[in-house]
Amino acid sequence: MTDTATHTTGEKARIGAPSISGFTEEGENLSPMNEAASPIGGAASKAHSHGGGAGIPDSSRAGRLTSYNVDDFPVLTGREEDFRFTPLKRMGGLHKNELVGVAPELVVTDANVSTLETVAMTDARVGSAGTPEDRISANAWKHAAEAKVVTIPANSTGEQVTLTYTGTSTEAAASHLVLIAEANSESVVVIDHVGSAVLAQNIEIDVREGAKLTVISLQAWDEHAIHAASHLAKVGKAAHLKHIAVTYGGDLVRLTPSAHFEGEGGEVELFGLYFADAGQHLEHRLFVDHATENCKSNVLYKGALQGKDAHTVWVGDVLIRKEAKGTNSYEANRNLVLTEGARADSVPNLEIETGLIDGAGHASTTGRFDDEHLFYLMSRGIDEKTARRLVVRGFLNEIVQQIRVPEIEERLAETIERELAATDS
Amino acid sequence: MSTLEIKDLHVSIETEQGDKEILKGVSLTIKTGETHAIMGPNGSGKSTLASTIAGHPRYKVTSGTITLDGEDVLAMSVDERARAGLFLAMQYPVEVPGVSMTNFLRTAKTAIDGTAPKLRTWTKDVKTAMEALKIDAEFASRNVNEGFSGGEKKRVEILQLELFKPKFAILDETDSGLDVDALKVVSEGVNRAQDENEMGTLLITHYTRILRYIKPDFVHVFVDGKIAEQGGAELADRLEDEGYDRFQNVPA
Chain A
1 MTDTATHTTG EKARIGAPSI SGFTEEGENL SPMNEAASPI GGAASKAHSH GGGAGIPDSS
61 RAGRLTSYNV DDFPVLTGRE EDFRFTPLKR MGGLHKNELV GVAPELVVTD ANVSTLETVA
121 MTDARVGSAG TPEDRISANA WKHAAEAKVV TIPANSTGEQ VTLTYTGTST EAAASHLVLI
181 AEANSESVVV IDHVGSAVLA QNIEIDVREG AKLTVISLQA WDEHAIHAAS HLAKVGKAAH
241 LKHIAVTYGG DLVRLTPSAH FEGEGGEVEL FGLYFADAGQ HLEHRLFVDH ATENCKSNVL
301 YKGALQGKDA HTVWVGDVLI RKEAKGTNSY EANRNLVLTE GARADSVPNL EIETGLIDGA
361 GHASTTGRFD DEHLFYLMSR GIDEKTARRL VVRGFLNEIV QQIRVPEIEE RLAETIEREL
421 AATDS
Chain B
1 MSTLEIKDLH VSIETEQGDK EILKGVSLTI KTGETHAIMG PNGSGKSTLA STIAGHPRYK
61 VTSGTITLDG EDVLAMSVDE RARAGLFLAM QYPVEVPGVS MTNFLRTAKT AIDGTAPKLR
121 TWTKDVKTAM EALKIDAEFA SRNVNEGFSG GEKKRVEILQ LELFKPKFAI LDETDSGLDV
181 DALKVVSEGV NRAQDENEMG TLLITHYTRI LRYIKPDFVH VFVDGKIAEQ GGAELADRLE
241 DEGYDRFQNV PA
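Going down the list, the protein sequences come from chains A and B.
Here full-length UniProt numbering is used: the first sequence runs in plain steps of one and ends on residue 425.
Here full-length UniProt numbering is used: the second sequence runs in plain steps of one and ends on residue 252.
Just so you know, the hints here were simulated from the structure itself, not pulled from any lab data.
Quick caveat: nothing in here was measured; it's all calculated off a predicted structure.
Quick list of in silico lysine-lysine cross-link-like pairs, DSS-like style, CA-CA up to 27 Å:
no. : chain 1 : residue 1 : chain 2 : residue 2
1   : A       : Lys385    : B       : Lys153
2   : A       : Lys385    : B       : Lys60
3   : A       : Lys385    : B       : Lys165
4   : B       : Lys167    : A       : Lys385
5   : B       : Lys118    : A       : Lys385
6   : B       : Lys215    : B       : Lys153
7   : B       : Lys167    : B       : Lys60
8   : A       : Lys237    : A       : Lys148
9   : A       : Lys242    : A       : Lys296
10  : A       : Lys322    : A       : Lys242
Sequences are here, hints too, so could you generate the full structure?
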């Protein structure tokens with residue numbers, strides 16, 4: 001029992017009703033603890049203190065440094081708030097070395113109306129949707145030799161394109177992608193990562209006014225891969241981004257999707273599914289930045305873990321800024337620990353700077369599948385293998401059914417089967 | 001007509017101080033259509049008997065036999081026992097994360113019958129059974145036992161009993177934690193299953209009140225891992241008046 005980190009908040013810790021004490025029309029009355037003078041994170045979080053403006057507490061996501069220049073970020077020690085769960089020793093040098101290895105090759109399939117260009121990092125579109133939010137991302141920015149730009153033309157509908165990154169090298173490399181969904185387009189983009197790689201990657205996602213974009217990013221690497229990816233999304237007026245992260249391959253994967261609203265009426269859905277085996281470290285840290293009025297975000301990540309030292313980390317930062325009136329936001333993370341020796345860390349962070357919101361809530365649960373569950377199901381005639389499958393499939397299905405791309409749903413079903421077969425042996 | 005036969009059953013559990021014998025030679029024969037009540041004070045081994053029949057790994061059979069129509073139950077795995085026709089309504093049904101009631105019921109029914117139930121009739125059967133047990137339709141889409149109250153969990157156990165149609169049902173303190181209304185609803189469910197499914201019932205209880213709704217043919221009093229006295233329904237009435245004291249005060 002003790003090896004399972006459990007963070008449980010109320011099933012629906014909904015905030016937003018103006019009648020809640022501690023809230024005023026102007027927003028939450030910050031407790032003295034939250035004042036800038038006394039950072040919650042202690043000395044370690046001081047590393048970020050130069051990034052924040054006056055009056056922004058160190059612990060606030062609003063105070064987090066962003067920069068294109070890797071040297072602006074202090075050298076990582078592993079004690080930083082956003083790296084405290086990440087085993088830097090296993091990062092393959094992505095956070096400190098020159099990233100001059102051969103980057104995984106990108107192949108685009110099923111493109112119908114979308115275009116692929118290879119451009120210099122000085123192209124105006126590079127950096128148009130995002131700025132690195134941590135040192136690895138900035139290091140990748142510095143070392144990317146070129147950028148790929150995939151554009152879905154304005155007003156097009158029904159595009160479903162697959163971008164496959166195939167890695168063949170274990171030398172630390174950098175890669176950059178800009179994904180642009182032009183105004184009022186509707187499309188699905190699958191980004192698949194396979195093979196072996198030690199990769200720091202930036203993916204900018206520019207969802208322009210009225211566009212509807214679904215991004216499905218699969219981290220399906222071979223077992224020794226190391227992958228740190230920043231997905232930096234800018235969501236325009238009345239635009240809709242559905243982002244689904246699926247991670248089960250690699251030795252260490254650290255994925256940091258962040259979404260920034262640029263206009264009113266934007267909507268973001270961030271879904272994630274991860275399955276960690278013995279020894280794997282799978283980390284997802286996401287950030288939803290509500291900086292404009294009347295935007296909506298919904299976050300749900302679900303993970304299954306099995307085997308010795310399988311470790312997953314989920315951190316969900318949601319920031320509702322003072323100007324983001326009418327925000328509606330909910331985030332949840334659910335983990336299912338299948339065997340002894342696995343560890344799930346789950347940290348939802350919700351910061352609200354205005355009381356004038358529709359709603360905001362968060363939840364986190366970590367449950368175990370243990371011998372008593374097994375006994376119960378088996379006492380109803382269900383054999384052991386079926387019982388395990390039933391539980392894991394049922395648990396992950398909520399995310400799988402969000403994908404709506406049959407080939408990928410099928411592939412995931414097979415993957416789950418294979419992962420479970422590994423438990424049986 | 002089926003027979004569940006327990007002969008001279010000795011069962012131990014592992015404790016930090018070594019193995020501890022809980023059942024010290026229990027013999028009992030139940031036939032289709034019969035209802036046997038096992039009564040006794042706390043810690044007398046009633047629930048151990050129930051869990052042992054179902055095959056819970058915690059309980060170690062050191063000697064004795066359990067057979068179902070001559071087949072060796074102890075040689076069967078937990079799921080094989082269920083498929084052979086044994087059903088344990090648990091005292092503390094566990095919450096199973098990730099599995100909806102609908103999915104669970106259909107998977108179990110398929111496992112027990114060996115073929116998937118016809119979807120249309122199955123859905124109707126589930127709905128009817130739920131209504132009879134006054135279980136809200138909304139429960140079908142919830143995860144197994146997750147967030148159910150104690151009473152709701154017990155109803156769902158009996159729902160399974162009615163749907164799976166076992167040869168023998170073992171009810172492990174199904175009555176505990178139920179209010180009078182729920183007790184009545186649950187008892188009616190057991191009686192229906194008994195009437196319609198040709199079932200034998202082993203009813204384990206601490207209290208006599210459930211016996212007002214489910215009439216036992218035989219009453220066995222468990223004390224210290226053994227059957228101390230047996231009789232008909234009248235023995236239960238006597239226990240109601242006298243309690244278990246007279247058994248416990250007998251020097252060992």
